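Trainee: Starting from the given sequences, assemble the full structure and let the hints guide the process.
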Amino acid sequence: MRVRFAPSPTGALHIGGARTALYNWLLAHSRARSDGGERGTFVLRIEDTDRERSTAENVEQILDALRWLGLDWDEGPIFQSAAAERHREVLEQLLASGHAYHSNAAKADVDAYKLSHGAERGFRGVAEACGAVRLRVPDDGETAFDDVIRGEIRHPHASMDDPVIARADGSVLYNFAVAIDDLDAGITHVVRGEDHISNTPKQLLVFEALGVSPPRYAHLPLLHGLDGKKLSKRHGAASVQELRDAGYLPEAVVNYVALLGAGFAADEEFFTLGELAERFRLERVSKNPAIFDERKLRHLNGQHLRALGLEELTARLEAYTGHSGLEGAVAISSEKIQTLADFWPLAGFVFDGPAEDSAAFAKVIDRDGGRDRLRAARGALAAVDPFTAGEVEAALRGLVERLGCKPGAIYQPIRVAVAGTTVSPGIFETVALLGRDRTLALIDRALARE
RNA sequence: GCCCCCAUGGUCUAGCGGUUAGGACGCCUGCCUUUCACGCAGGAGAUCGCCGGUUCGAACCCGGCUGGGGGUACCA
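Numbering (our numbering), first residue to last: 84 to 533.
Rather than coming from a laboratory, the hints here were simulated on the basis of the structure.
The model shown is predicted, which means the values in this text are computed figures rather than measured ones.
It cannot be assumed that every hint is accurate.
[To be verified] For lysine-lysine, the following DSBU-like pairs were computed, each having C-alpha atoms within a straight-line distance of at most 35 Å:
1. K446 to K489
2. K419 to K446
3. K446 to K379
4. K370 to K446
5. K197 to K370
6. K379 to K419
7. K419 to K190
Mentor: What follows is the structure, given as structure tokens:
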């Protein structure tokens, strides 16, 4: 089995593209494949024939995104542009055999043709001495293929236009180049987005004209945004790069994106790349387009974050924030964050000092005896020894008991005093991490505040 | 317009002729340190897009319709 991922480097790697890459990777690494053979080969091909829009930066960005996701390829990257000569050769071959012909017909000619022959009739041109090259589509019959995911898909020839496969300058177009490249790379399974369904018969016709047998095809449903429209920039983080910047883990992105349409049983959903590959079955992939829901990604990200372990999570957070010495704060925060980006807003006060949140101060300390309770808490904390989370907890619980107030009436003022905000890691752990001197100083500072 | 694909709670899905239509995210309630999150225990939320047909029986099979999506480039 040989599969491929063939992005065109006209922009960053989008989530939809990432999923296509992932499914190809999973298929190549799947153990439950129908052919029962050893691991498949994952080929990476860069479709850079659109010279205007393809850039080296985009290529690098795509490779970088794939590496970040852990989707390593076995062959490539192969650049489609490097095969220009071979493309031209095959084109000549088709021209010579009569499977293709030169034509100068333009959009207006195609429209006129449909006006006189019927809107559902595919355009048929007349061979000319020069011009673009069109592939001859038979008038009768149909081109059908058995899509691994969707079953039989048929396109009647009568409604297919003779597709243009090369420009007048001889450079070949997508549907032709793809067929030749897949053929030359020995691709056995083409797994790509649903937007390519109607391209498939054109490519199939190229194979047929060449007298070779085509690969199998599987068309993945597309990914949509929360509004049901095709996923794009306006849906927030739409590229892998943006997801990384937003604090998501590659493990979680891979896990979530795989789940969208993989057709797994719903009893379990936390998976590593390897586990995904073990479970993956191409035939099981869903036919419905899925909506990318960042909330579920967040949830899954939290799961993966916690599964990392303190040491690894600390390393990731240090890399993400650019700070070091984070371990203590990470230890008390890991249960409370869902993305790497959540960490600093939650625990940054440990390093930067309390945030200036006057609303929190007014609401929690500067009213209803908040100061008095904070003063009492200070007294209780001053006597704690050793200054551990356990001892801090015992002291504060004792205070709550003595004062007969609700726990929060004591804890929230302390929280606001040391963190500056009403949200922080657990209060006992936080206070213990800060240490007695710092804690008391911060409380004094809050008590002195007007 | 024409061609093609799709259709289970807000979202992702399980289901494969007989189920109180299951799970997860999200939402709500309770408990857990009146935060946030994790965890646990509950809860609300689906005439399985609509109409016909096949069948003793349909979310599951067939047809039509509607809705959504994709394609319709000398882009990829």
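Trainee: With reference to the structure, classify each hint as holding or not holding.
Mentor: Cross-check of the supplied hints:
{"no.": "1", "hint": "K446 to K489", "verdict": "16 Å, holds"}
{"no.": "2", "hint": "K419 to K446", "verdict": "23 Å, holds"}
{"no.": "3", "hint": "K446 to K379", "verdict": "33 Å, holds"}
{"no.": "4", "hint": "K370 to K446", "verdict": "52 Å, violated"}
{"no.": "5", "hint": "K197 to K370", "verdict": "32 Å, holds"}
{"no.": "6", "hint": "K379 to K419", "verdict": "16 Å, holds"}
{"no.": "7", "hint": "K419 to K190", "verdict": "58 Å, violated"}
Figure legend: structure checked against the earlier numbered hints; hints not met, in rising order: 4 and 7.
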